[in-house]
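**Student:** Listed here are the chains, written in short residue letters.
Protein chains: 2
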Amino acid sequence: MAVQLESFPVSIQFQIEATSGLGRAGRLLTPHSEVETPVFMPVGTLGSVKGVSQDVLEELGVQILLGNTYHLYLRPGVETVRRMGGLHGFMSWERSILTDSGGFQVFSLNDLRKVSEEGVTFRSHLDGSSHFFSPESAMEAQIGLGADIIMAFDECTEFPADRERVRSSMELTLRWAERSKKYFEEHKGEVPWGRSRLSAVSSQENAKSLDSARDDNQAGGRTNASAATQALFGIVQGGMDRELRRESALRTVEIGFAGYAIGGLSVGEPREVTREIVESTLAHLPTDKPHYLMGVGTPDEIALYAQMGVDMMDCVLPTRAARHGLLFTSEGKISIKQARFAQDGGPLDPGCGCRVCQRYSRAYLRHLYAANELLAQVLNTIHNVSFYLDTMRAVRHSILLGDRAHFLSEPSRPKS
Amino acid sequence: MAVQLESFPVSIQFQIEATSGLGRAGRLLTPHSEVETPVFMPVGTLGSVKGVSQDVLEELGVQILLGNTYHLYLRPGVETVRRMGGLHGFMSWERSILTDSGGFQVFSLNDLRKVSEEGVTFRSHLDGSSHFFSPESAMEAQIGLGADIIMAFDECTEFPADRERVRSSMELTLRWAERSKKYFEEHKGEVPWGRSRLSAVSSQENAKSLDSARDDNQAGGRTNASAATQALFGIVQGGMDRELRRESALRTVEIGFAGYAIGGLSVGEPREVTREIVESTLAHLPTDKPHYLMGVGTPDEIALYAQMGVDMMDCVLPTRAARHGLLFTSEGKISIKQARFAQDGGPLDPGCGCRVCQRYSRAYLRHLYAANELLAQVLNTIHNVSFYLDTMRAVRHSILLGDRAHFLSEPSRPKS
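Which chain is which? The protein sequence lines are A and B, in order.
Residue numbering for the first sequence follows this note's numbering, beginning at 792 and increasing consecutively.
Residue numbering for the second sequence follows this note's numbering, beginning at 792 and increasing consecutively.
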């Protein structure tokens, strides 16, 4: 198959390969890698998925990681990461990365923050020092961190909140979205890998034809980053109000972003409300752009949301639960610390092909957890991440199959 | 090269391939794997080298691990490990394992122990519960844990101690050595993998000729464990008194063990004293048996002891130091938390080929440590273990080369 020149994304490209109902199976090309969607993005808060080395993440098939701007801004600091070539260079991760804007993290600080039109003043959870994030400074930080996909700075509305509060918060997020986009457009050339790659390849590139550059792309499986920039996603807010969500979606789309996220969910509302808001909001997002649902959920939920048309999701649940010995399996969630596993020689999940389930028994995993061994957290995290990735792969597969089954069966289907 | 039938060890076999000065390069065949000596054995206290999964240990070239009987006896308990096929099955480690006798661990409990002729009463460091180890129960525990090499139960003499105290302690260890050997000889057939392997292969084995069994051995790189048992090592004590060490060595050898350990060192004495006692004790050990120096030391020290004729060593230093951010490199020991590494894009050790040095920068490792990320402990441990293994490999290589160089140069050497 010939590689088309269009596969050199300036920032990202998104192609939908198949649909089944509202679910979409697609491919997201970023300056660093291809991402098959729907995709689950493991959370690497501080430039590390806690306890798991990058080669294991690669082996698990992780295609895109999430980093937290707020945390990385505090430690090690944006300038350090920028000098190391951005997060990709700093953490030695050649595949795709997305950073959040810091908005949700700052929202989580509660008493430690103060919101104004200009931005948010907050105190570090580490040492109480005072800091300020504005749409502009959040963009500056995310450009310095150099993820492939970055997020507009938003206010995550608290729950519950009355309609006027939700509206004014949504309006603030919209004004911040415009400011985020403006700053990004003016500064996107400052991304650290854009520069460094450009300088690294410029002498050779100058002598190259488009054909040879295309060959490089094909051979390396990577896109040509020398001319690439990051992609900026907008975030839809609007609380639990379908009408405000609709307005937020339409006005965010009007500003224009490379992709659209649904923020402000999983903040304490019932899961049924989450589902309703996701469903109603998705209806107002352009079908040709990636849909990113932020911060959800259980394996069942991410499968459901993917079938509803969400393309990207992240959640701390698999990694955080793993560190507490809560493991997701094809037979349900189990707490590995339970005494009933003490002499259980079987694999954690007989239906799982991950390196943990292939090698270790429940008895061993139970012992590691009970004895507070470091390896418990490492192995539990590997399994849970693997389980989430497998869940998304299964949904993707069913969407691809579902579409084909529909196509194949159509001619012979009896007309009713 | 034809594999000789002698390479099926009933317990272990030890062959010296080359010597250089007092240093020896050898091969230790255990029922589970071949071990090239001199060898460093990483400490896997509770059935895990803290933070490092078994596949990484394999990749690093770890050939033999050490487990701590005291800790495994408390958690998960010997019976649990035994039912899982011993430590090999329990932790999914197919290569060799050595367990200590629990003597040194109990010695470390200080106020929580009471020694009598019969054994040691001690309180668990976990819950204060009372337990009793005798030579017989320590053997029973180690047979249940099923390591390839197990240690006689000894009393580790405190430092400093007067001569009479050292002598009486040494005499107690000698009496316990005899009891350990007696119990072991009577019960060695109860090793869990001996039984389970025997039953698993018995039907096929019955129909097999010795030739085909030999082929199996060659193909799998493993020894025939169906008829194998563990090997019991004796421990030389005698404090810092060369004369008592000599007596302890001779009388321990008289009892007769498959290998001999030097215990009771690294208990607070000056390093020069350690070296002197090691040197003088080694002179009284049989050259055709493995020499195991327990619980030492720095990379320089383990290299020195190997050159003095020690074949096996273990130490918590590389793993424990790693968790405190202290890393051994070809340029000396460094504390990765230092601010000078914050923007150091170079590898931890330019001379190291481990997966950590090949992939991550000092800046990243410094950040992980400073941010208290789990991955810091994982990666630091991988590097330090790798560095220790490389140190032993270099000594082994120099012994092999030294011997050959000596042999090659001999004919042309001018006679003086």
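Where hints are given, some of them may not hold.
One copy or two, either will do: identical chains are not told apart, so a pair holds if it fits within one copy or between any two.
Below, in silico cross-link-like pairs of lysine to any residue (SDA-like), each with a Cα-Cα straight-line distance of 25 Å or less [to be verified]:
id: 1; residue 1: K1128; residue 2: S920
id: 2; residue 1: K905; residue 2: G980
id: 3; residue 1: K1128; residue 2: L1165
id: 4; residue 1: K1124; residue 2: L1165
id: 5; residue 1: K979; residue 2: A1074
id: 6; residue 1: K972; residue 2: T1120
id: 7; residue 1: K1128; residue 2: L865
id: 8; residue 1: K1128; residue 2: G919
id: 9; residue 1: K979; residue 2: S920
Rather than coming from a laboratory, the hints here were simulated on the basis of the structure.
**Student:** Give a verdict on every hint.
**Tutor:** Status of each hint after checking the structure:
Within a single copy, K1128 and S920 get their C-alpha atoms only as close as 38 Å, which misses the 25 Å cut-off; across copies the closest is 21 Å, which meets it. Taking the shortest alpha-carbon separations for K905 and G980, neither the intra-copy value of 31 Å nor the inter-copy value of 72 Å comes in at or below 25 Å. Taking the shortest Cα distances, K1128 and L1165 sit within 25 Å of each other both inside one copy (14 Å) and across copies (20 Å). Taking the shortest alpha-carbon separations for K1124 and L1165, both the intra-copy value of 21 Å and the inter-copy value of 24 Å come in at or below 25 Å.
Proximity of K979 and A1074 under a CA criterion of 25 Å is satisfied in neither setting, with 30 Å inside one chain copy and 71 Å between copies. Taking CA atoms no more than 25 Å apart as the test, K972 paired with T1120 passes in neither setting, with 41 Å inside one copy and 47 Å between copies. For the homomeric pair K1128 and L865, the shortest alpha-carbon distance between copies (16 Å) is at most 25 Å, but the shortest distance inside one copy (34 Å) is not. For the identical chains of this complex, K1128 and G919 are inter-copy neighbours only, at 22 Å across copies versus 36 Å inside a copy, given an alpha-carbon limit of 25 Å.
For a Cα distance limit of 25 Å, the shortest separation of K979 from S920 qualifies neither inside one copy, at 29 Å, nor across copies, at 64 Å.
Of the hints listed earlier, those the structure fails to meet are numbers 2, 5, 6, 9, in rising order.
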